[in-house]
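Trainee: First to last, the sequence lines map onto chains B and Z.
Using my numbering, you'd call the opening residue of the first sequence number 1 and step up by one each time.
Using my numbering, you'd call the opening residue of the second sequence number 1001 and step up by one each time.
One should not assume that every hint holds.
[What the hints assert, rightly or not] A short list of chain Z residues far from chain B (calculated; beta carbon distances all over 10 Å): (1) I1443; (2) G1488; (3) N1613.
[As the list claims (entries may be wrong)] Computed from the model, here is a short list of chain B residues facing chain Z with C-beta under 8 Å: (4) E5; (5) R6; (6) R9; (7) L12; (8) P165; (9) R215; (10) R247.
[Stated by the list, open to error] Calculated from the model, a selection of chain B residues having no Cβ within reach of chain Z, i.e. all distances over 12 Å: (11) P10; (12) I18; (13) S205.
Since the hints were made in silico from the structure, they are not lab data.
Keep in mind that this is a model prediction, so the values were computed, not measured.
Idealized CB from N, CA, C, for every residue including glycine.
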Amino acid sequence: MGTNERVKRPRLDRTQPIRSWVNLFDLSGASGQPATEGGRGASLGDVISRSVDLGYRVVDDYIRQGQKAAERLSGRSYGPDTLGSDAQELGARMMKYTSDFLGLWLQLMELAMGGGAWRAGVPPTPARATPSQETPAARAAPSTDGRTEAPDETPVRIKVVSLWPTEVALDLRPGAARAPLVIQALRAVEPDVPRLDDVSFTAGSEGDPPLLCIRVPPSQPPGTYNGLLIDPQTSRPVGTVSVRVSRE
Amino acid sequence: MMQGASARSGPAAVGPGLPIRVAVIGGGCAAVAAAFELTRPEHRGRYQVTLYQLGWRLGGKGASGRGPVDRIEEHGLHLWMGFYENAFRLVRECYAELARDPSTCPIADWRDAFAPAPLVGVVERGSDGRWVPWTVRLPPTEGLPGDPYPATARWTMADYAGRAAQLVRSLLESLRADGRFPTGQRPPAPGAGRADRGPDQTPEAVAEGIARLLRYGELATLTALTEGVATLATMIGDLSRYPENLVLRFLDALATNARAQLEALAEADPEIRRLWIIIDVTLATLRGIVRFGLMTDARGFDAIDEYDCREWLLLNGASRQSVDSAYMRGLYDLVFAYEDADPSRPRFAAGQALRGMVRAFFTYRGAFFWRMQAGMGDVVFAPFYQVLTARGVRFEFFHRLESLRLASAARLQDGESPHVEALEFDVQAEIAEGGEYRPLREIGGLPCWPAAPDYDQLVDGDRLRREGWEFESFWERRKAGTRTLRVGEHFDLVVLGVGLGTIPHVCRDIVARDPRWRAMVDHVKTVGTQALQIWLAADMKELGWAEAPVTLSGFVEPFDTWADTTHLLPREGWRQGPRALAYFCNALPDLDGAADRSSPEYPARQREQVRRNAVRFLDRDIVHIWPGAARREGGFRWELLVDAREFERAGPAHTGEARLASQFWTANVNPSDRYTLSLPGSSAYRISPLDPTYDNLAIAGDWTDCGFNAGCVEAAVMSGRLAAHAISQSPALEDIVGYDHP
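Same shape as in the complex, but just chain Z (with noise of 0.2 Å):
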């Protein structure tokens, strides 16, 4: 056995002045979040960080590798949502303490590394059974992601119901000023609507106007309507001074009318239907919240976690057609929100839900969507690389952790906490000279992360590559050796960061004796994935997409995620060749006879499921948004490929379906890759970076119980600072953006 040697891993005793050691376990957005607050020069070097890393590369599920000519290979599709404030921040302080220069680095600056991406969109399916795009360009807003917040800067339920009130008004007056809806209608009758909502009036006088527009129904023209609405967002802004029922029945007389005003319309013209169904769904809402008594409830929207998103709406009024609607399904795509991927079983926690569309719909800074200008890799990971090695992070490449091992119950003393004793590491391959692995390689001035490890970096490296040995699988047992570290010779702090499938295979010990641990990993729980990147011969417009690049879900099974990402292109080796790049995933079922070390076929058979996908998904549904991708007696134009290959001169192309060999396809099936579901109910279960438990860990990820418990590079983030926030009280729980929120 391989011991820690203490010269590695800093002073073996801790004492005034001796920095504190801190074993970061896992380099994707929470542990490298975590490993950047840890070490930032306030602290003056208290924080001796340590990274351990399966494999070669950073980034988790955010890991992306440059392949065959240079193109970029990702885990799945990523894009930034305008409202990731942690993300974009940490991002921008690491940009900026990098300081790299324009001249000869094509992505020296933060805003050379993201760009906004507006032109977002669902996919209906029509009654003649065609899928028809609904695209929205969502104007660009004052400020930039990561910017300061002012001081006082504070999100309500109140604010948001106020601003979801206003989204109405704005849709019904968009729809009064439209030419399809009818004319005629007679106004609305004295005192219903303004006359009673100016802010100088008082609650009890819009109560009266309202009591008065009630009983004479005069919410039966889309004026009065929209007036209804406004003296709605009114009253949203002083809540608590209006009778609950009052309000109750103001929101159903309006949901009643906008129903009676605008379905009929709805199912002949889809433009209205759109606004309806987004009228609808926001009317459920509002209703929701008064009617959950959500503005003064102490748990915010986790008060109705118990739900899924969709139940909860139907609860409040919305129509089936309106949760059914390509809009909702938009939302569950983004989300990979299916049981088990099946599509049968959308399960989306109603809070999160919530608190999902409000952050990224009224929150967001200067674009709802900012997509990534080369591999997230590229972008994201290598700078943080770079910046974490000069402030003194070391970074242990090709660490598998096997166990985090707890101090034996009978051994602690009186009064003394439980905590991690030891770390057991597979070492899988030995760095050449002893030296510390360097991971990154330089791509037109771009630092980057290749695809496949430098093996000329490795002990016997021509033999692991000869043997196909898969650093990144958790099916792969092979190894060069192994490694402990205990508490107080090699670590004295622990942040564990991997991906929550991990869990049960490496934390045997807590998940043993921790109920809490145990049911976490029980009730949350994860899902497999899968992406397809291709790229083409012939641009969008040829392929039948006239629009800008666009974002595209609630598409067809089994990819219902669709990114343009054309503009990647330049930064890959590409002589000549495809004109046109694209992005889809979607979640992926289990096979029978799942995920456990005993089926090393396993990741085979996904990933030749994800190839079975691909095929079917390119010959029989691409078409409805690609018509020109499609040959005319039917079937995808494989033709349109573009083989590395062929411009390599590597070897002979492929003709047909077999082209498709030449592109890149992923089944993410690795426990640690499972991307995390926010199933109702399940948020209870999940265990927040600042549980004090275990006084020498601190855990993060997108898993965790973070105040933003989905999914996502923004909830990873803000794991990780909570985690080294749990360590060192910094950064302020005040300054993790969006942590106290409804």
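If we strip away everything but chain B, and leave its shape as in the complex, we get (with noise of 0.2 Å):
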């Protein structure tokens, strides 16, 4: 009997347990196991699969917050603080999974692209774990000058002048460090509050990797602020950066 002729086991989309959400940006074999034909790669069903998946989240938790709203209102508080609050933490998440959507996005118009294998928007992980190892996204410590890994492991520096903890989360599309990048404004969720405007993206040049640069004025409030990295060239988003200030 010929090749053709033998049955085969169908090509699966994937092949692994999806551990953490954060595997929705990490396709390229956190696991450390070698990528084999037909197991590893993310297939455009894959990521549409998830998509969806993130969207009954978000819908689960607006109905969630709908109901412990419904529930204030029926209950012992109507203040519109106790609602503002509630719209508040509603409108962070969505903040939140908008910026999860946007890289789901990404990795779509990378599969459509023909990228073909992923890099995930997560750095391979070492294969034993270390206390307070580095999450996906890079950190930055108040005034230091950090280095991290792009997703392409383009390596990008990062500059963060600030006098309060401050923590940086940059989120790439592969190869997207390489170009000279525009940082739009950051902004918190509430309107009211005031943009990190001062914030650049600076293209590397020979030897040197690029660099994200960022400024949080003292008077800064404490919260999370979020902007996009857009190619000027085609004028799309390529990138999210997240920057959280606190006060301890």
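Mind docking these for me? Both chains are given alone in their own frames, and the hints should help you get the complex.
Mentor: In structure tokens form, the structure reads like this:
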């Protein structure tokens, strides 16, 4: 019997469990096992199905928040501050999901453009976890000049000038860091909170990796600020920056 | 050589409309689950399944048989946990499809087959050397295992961490409500906890409150500690919005204060000590989840699988007393987690251990444990056998796989994947008149598996019986013939559902050629097990056990786990006699010069070792939990053992220790019977049933990388469903409950 006549197993969309939602952006084999044909690479259908799944989460959260608000209305707390808090919380979550969707959208674009196997938005993690290991997003300590790896393994320097503890998460499309990018002012969910304007992204030059620079004014309220990195050639978003400023 | 005829194996070639022939090898939970999935009516007969089984019965490590007076004889002690969603789902579907008549069959519905077993416990050793049981009745929870899960149900690390924090809070509150705890503590200062953790507070406000609380040491009272844990639960709901060092400092402060307040009291009060141990272990777990970044790690709990669970807890601040406690020993005992069965080498991969713990404690439905209402073969494998037969599955009993042969690499065409070319079997016995072996025997209206084959159905059956052929023994080499099945001619696809211990012997080609398989058999280790069943003439109360039927672990070697299985007696054939039934089990160390085929005396030596263990255990140790079983002068009351032959008038009864000969024990040392361990670092070497390397092969078993990498029924069923998915893309991975899990 020849090769063509032999019955073979079908090609599968995925061969690994989804252990964490971080996996949505980690399709490159964080478990350290080698990719095998028909196995590890993300298919379009896979990303789409997970996008739909994530969509359910948004809707679920929306419904749950609505239920919570309804319970409050029928219960003892009627104050506008209570509802305001719910709305704020919902807004923040929606913002987060929007950001997640953007990541997925970037993946879909890559696949649609024939990008083939994916590099993740998460750097490969070591086989053995260590206490306080870096999470997928790059983090910068106050007033440090950190260096991290972009998803395509192009190093990106992150410079943060801040009096306050500040975390920076950078999510870039593969290869995007090689081009000059435009970064928009970072916004908080609350419309009346001032933006973080003093941000820049400088393209790398020979021997020098690109530099993401963020300056947090001393008067900046604590909170999370998000913004997009845009490719000026195409006017399309190629990444996100999220900065969390806290007080201790 | 007897060749498989195409008439027996289905069409010789596959074309449009012809079924795909799947050879399922093995008859344990994994193989049966795969066969069940592939023959669902929804497939409209697309897969024609033939199951090849060593010996006369299905079940693998879950096989049971009916012995003298139709007593149930198990491979070991089996309990189903309330989170075995996949296993229960298939069993429920099986019983629904079987549609037994309750007026004629005593176990017609799955609810007849399983009953809640809420009382669990461990045994602690006191400073005076006595062993003291510590039992807990775990409350029933909503729903039943196998009920449909809501489509949006999802397990997240944050959810588990939140529930763990709530557990600590509940335990602290129970201490506050307990009169034994010192009163007169000063109340928490304003702003310490409650005021800062309301649902309307921003994370920044909560963080400021915590910083204040830490600054002024306001956790020094039990009330403040409880409030602090409540605040922690709030933080965990949105952990990414808090500085990690603040969360860690807060966890440290909670643990330090809890220790300061409880540890001294715990020394004098066993109740407080037990609560303290759970609090300590849970706080260490929470600290580790934060410290190791598990909330966002793409690998979920797998990220810490390199560590031993106890080692990881110590690393995250648990006390030595807690990790050495009966509570932790009980956890290890449940999965025989001792390397080489050595009690001084407890080893359980931390990630899988925590995954198991959170699934067991936080996701069980109905009851924590469910116990079977007859032998596992009777309530699980007989119904599956009947349903699968009705669906057209062919069972080839007495087929011992000798070699799974790969196509030669030199003969593969360009682009062709490696694949299974042939399956070589020893045929252990021929079926009389060329028919199909009918394995079940009805006992009290219930189809059951006998403990020995029905020789009347076998060619030369009398001789085989007389010569004592051991069909299930790895060391038994006698055979009636051989049979070779060839790809394309007799089968198309293979589900390999044998035990891991068998792989080096039957997959020599793959292990030699594929470094991943070689690494798997080198690193994923197994251990032998031992089991003892005793039928007693006194009831449990007379023996000194006053509580309800219990499952108890963490007890003394050589049998660290005991289950009261008295409920099974009415299913057996006793007209009078036993009033209690007890099952014990444990890991069994290998003897020197272990398990290769050149040592045919090995199983007998191990069986004798288990007998000696049982004598020592009953004579010396059982008194700690059954004081009524001991003679005044010490030693076991051997007359308590009920000898089936006395009721069958089959021979003279023994006296003294020799009465043990009438009981049932096993040394599970066959490679296929060995239990798969979850040693630290070993998960990475497991291979998934979805692995596409061999394009006509899917593996199945609790030794595979199946999402829940521990030796249990649930893992086996998950792997079987995954193997079916690898072949048919059904069930959807999202329908395999717990596969997508941290």
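Trainee: Please confirm whether S205 of chain B is truly not at the interface, meaning its C-beta sits more than 12 Å away from all C-beta atoms of chain Z.
Mentor: S205 of chain B clear of chain Z: closest Cβ-Cβ about 33 Å, beyond 12 Å.
Trainee: Double-check L12 of chain B for me: the hint is only fine if its C-beta lies closer than 8 Å to a C-beta in chain Z.
Mentor: holds (6 Å)
Trainee: Over 10 Å from every CB of chain B: does N1613 of chain Z meet that, or does the non-interface label fail?
Mentor: Nearest chain B Cβ is 38 Å from N1613 of chain Z, so the label holds.
Trainee: Going by Cβ atoms only, is R6 of chain B closer than 8 Å to chain Z?
Mentor: Holds, because the Cβ-Cβ distance from R6 of chain B to chain Z comes to roughly 6 Å (cut-off 8 Å).
Trainee: Going by Cβ atoms only, is R247 of chain B closer than 8 Å to chain Z?
Mentor: Nearest chain Z Cβ about 6 Å off; hint holds.
Trainee: If you take the shortest Cβ to Cβ gap from E5 of chain B to chain Z, is it below 8 Å?
Mentor: Holds, about 7 Å.
Trainee: Report holds or violated for the interface hint on R215 of chain B, using the least CB-CB distance to chain Z and a cut-off of 8 Å.
Mentor: With a closest approach of 20 Å, the R215 of chain B hint is violated.
Trainee: Please check whether the beta-carbon of G1488 of chain Z is more than 10 Å away from every beta-carbon in chain B.
Mentor: With a cut-off of 10 Å, G1488 of chain Z comes too close to chain B, as the shortest Cβ separation is near 4 Å.
Trainee: Could you let me know if the closest chain B CB is still more than 10 Å away from the CB of I1443 of chain Z?
Mentor: holds (41 Å)
Trainee: Quick check for students: does the CB of I18 of chain B sit more than 12 Å from each CB in chain Z?
Mentor: About 4 Å separates I18 of chain B from the closest Cβ of chain Z, which leaves it inside 12 Å; violated.
Trainee: Would you check whether the claim that P10 of chain B is not at the interface survives, using Cβ distances to chain Z and the 12 Å cut-off?
Mentor: violated (6 Å)
Trainee: So, as I understand it, the hint says P165 of chain B touches chain Z; can you test that by seeing if any CB pair is closer than 8 Å?
Mentor: holds (5 Å)
In terms of the numbered hints stated before, the structure departs from hints 2, 9, 11 and 12, listed from lowest to highest.
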